[in-house]
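First to last, the protein sequences are chains A and B.
Quick note: the first sequence, position 187, residue 186 per numbering that gives the first Met the number 0, numbers continuous.
Quick note: the second sequence, position 164, residue 163 per numbering that gives the first Met the number 0, numbers continuous.
There may be inaccurate statements among the hints.
Listed next, the in silico DSS-like pairs over lysine-lysine satisfying Cα-Cα at most 27 Å (straight line) [as the list claims (entries may be wrong)]:
| no. | chain 1 | residue 1 | chain 2 | residue 2 |
| --- | --- | --- | --- | --- |
| 1 | B | Lys99 | A | Lys158 |
| 2 | A | Lys343 | B | Lys99 |
| 3 | B | Lys23 | A | Lys148 |
| 4 | B | Lys343 | A | Lys14 |
| 5 | B | Lys158 | A | Lys14 |
| 6 | B | Lys23 | A | Lys14 |
| 7 | B | Lys148 | A | Lys148 |
| 8 | B | Lys158 | B | Lys315 |
| 9 | B | Lys14 | A | Lys99 |
| 10 | B | Lys310 | B | Lys259 |
| 11 | A | Lys67 | A | Lys219 |
| 12 | A | Lys343 | B | Lys14 |
| 13 | B | Lys259 | A | Lys14 |
| 14 | A | Lys259 | B | Lys23 |
| 15 | A | Lys325 | B | Lys14 |
| 16 | B | Lys183 | A | Lys99 |
| 17 | B | Lys14 | A | Lys259 |
| 18 | A | Lys23 | B | Lys259 |
| 19 | B | Lys158 | B | Lys310 |
| 20 | A | Lys23 | B | Lys14 |
| 21 | A | Lys315 | A | Lys158 |
| 22 | A | Lys183 | B | Lys23 |
| 23 | A | Lys259 | A | Lys148 |
| 24 | B | Lys343 | A | Lys99 |
No lab work stands behind these hints, which were simulated from the structure alone.
Protein chains: 2
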Amino acid sequence: MATEISTLGEFGLIKHLTDSIELKNAETRYGVGDDCAILQYGENKDILVTTDMLMEGVHFDLTYIPFKHLGYKAAMVNLSDIYAMGGSPKQITVSIALSKRFGIEDMEDFYAGLRLACEAHGVDIIGGDTTSSRTGLAISITAIGEVEKESAIYRNGAKETDLICVSGDLGAAYMGLQLLEREKDVYYKQIETAKTDIERMAISQPDFSGREYLLERQMKPEARRDILEQLRQAGIRPTAMIDISDGLSSELLHICTQSKCGCRIYEERIPIDYQTAVMCEEMNMNLTTAAMNGGEDYELLFTVPIADHEKIEQMKDVKLIGHITKQDLGCALITRDGSEFELKAQGWNPLT
Amino acid sequence: MATEISTLGEFGLIKHLTDSIELKNAETRYGVGDDCAILQYGENKDILVTTDMLMEGVHFDLTYIPFKHLGYKAAMVNLSDIYAMGGSPKQITVSIALSKRFGIEDMEDFYAGLRLACEAHGVDIIGGDTTSSRTGLAISITAIGEVEKESAIYRNGAKETDLICVSGDLGAAYMGLQLLEREKDVYYKQIETAKTDIERMAISQPDFSGREYLLERQMKPEARRDILEQLRQAGIRPTAMIDISDGLSSELLHICTQSKCGCRIYEERIPIDYQTAVMCEEMNMNLTTAAMNGGEDYELLFTVPIADHEKIEQMKDVKLIGHITKQDLGCALITRDGSEFELKAQGWNPLT
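Using the sequences and the accompanying hints, generate a full structural model.
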């Protein structure tokens, strides 16, 4: 720490953070600096808008997530929502409320992360709000993007016999969080019990070797633009699509409820990384539960007509995990031994 | 109070609050319910985007602002930014983070206020995020609107000899806040010193009669669409425009800095309501300071070519307060006795 933000003031801080931002998209006519940003979208485009709010102590813990990663993740989870409609993100606005305990350097790091994510996806930062908070940090990001007119992919288009597909692997971000929480507890217990300076100096930093993938999935999620590109190249148009933020189970139920259908997915087909499996074993947790309900994967879950079966089989990093059924058959997971379990919405567990 | 929000859950709460929302604008193709909202704007339109974050204890105090007013105000301050570019608001997204101490009824009231503001201005609520907070309430609203292509009114177009105009009157919202703060202190002091139940029952509720206008300005600001309509009818196109959220002084400096010019405004011309003046007198505060630096007026401040002088004089509820000068003359207030005072940026006083 840290240069106090009061040395710059509101307008000074905004200028400091946004001065070097270059607008790159033709759709962005004017960015930071007036009452509004100004956009121009082509007449053959629909405009997509999504927004997310992240609260300290609920969505992130600054004990272990660095500001740069926080900025990166905050942007990425919004870009993921634009891709989940089949669109291309073009702009974000960034609002942040911060308390006295944060310095200018923290905000620089946060913006560095934001900009890294935006540059990787060709997105302009066009505005926002910077204000103070009495307590923790609050972040609100709105992403805007485009999709060919009338071509957005909704959650409600899945049809009976459609195949259910998922990108990447599931449960790793959740196990990364479990790992970080565990090491945080260990660290604080060591601090509590250390009686002398020598004991305090001997407190070991956690060793994350062999678990890097779990941490990366938790702290640096990647929105799957590449999957949309593959689908386009393969000539596949998903009938329904959603990104996995609250867990596979919850997102599948969204698709089935809105599409008025049921589904069967197969436990043995759920893509899981080796590190995720090892971590679950070590922590005595159920692997399938972690993959089904863990959340924060930011992978794409989508359905395609059964006629695309072979094309899907040839796609890299996409796995076919089940199929859509009639609504009255419900939504179920078929386990390795052939039992059926009804899917339950987990989602956000509010205020409890 | 209050039904616990946990009885509904995240998805239940969102459904409860948004189920009865009807989309009214042709530009809104799809609202709440998918990963993104979908908009279609005509090819001859530019799109305006603005966002604001409101934090409990910083921007509002739930001791005296009811949830319905909070929702109304939160929407209105964003609509005001769209009007300040010469545009028409069409959509808002609403993100809210709340802690356990709030109930479903609070959220219903908040949404009732939001909807009242949106209906009055023909705006659709198209999405948002509802999540939990460890401490206070956080609100983030993004407003989207349209303006004729290449016709947005920026802050940077003021020219030497242009006239400086302001709508409505200034300082009332600020004095409303002072009044509320004073009565809150009085109330808490009475509670502290009351020793018996009879004494506690005798604590008087504040009497706001004769000060209703101040409270209304603080708790129920109105974005000035009517002023834009008047300007359009009179055939006046402002050269620069901004809405007054941080105080006249601060906003004038924004216009002058961005337009690379100076200004002279006249103390005697600053529009002030009778109740504002009485309140300042009663509280021993400087009236001009309240009007110049109070903020939260949400009036429009704009400049017009000198040729529009007569047209401006005929406008209702618009006052000519000064003129634009060369940059090297600086920005000054001319007092009643002819002295010049340099304008200072107040703005937000961050984290101090």
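Checked against the structure, which of the hints given earlier come out wrong? 1, 6, 9, 20, 22
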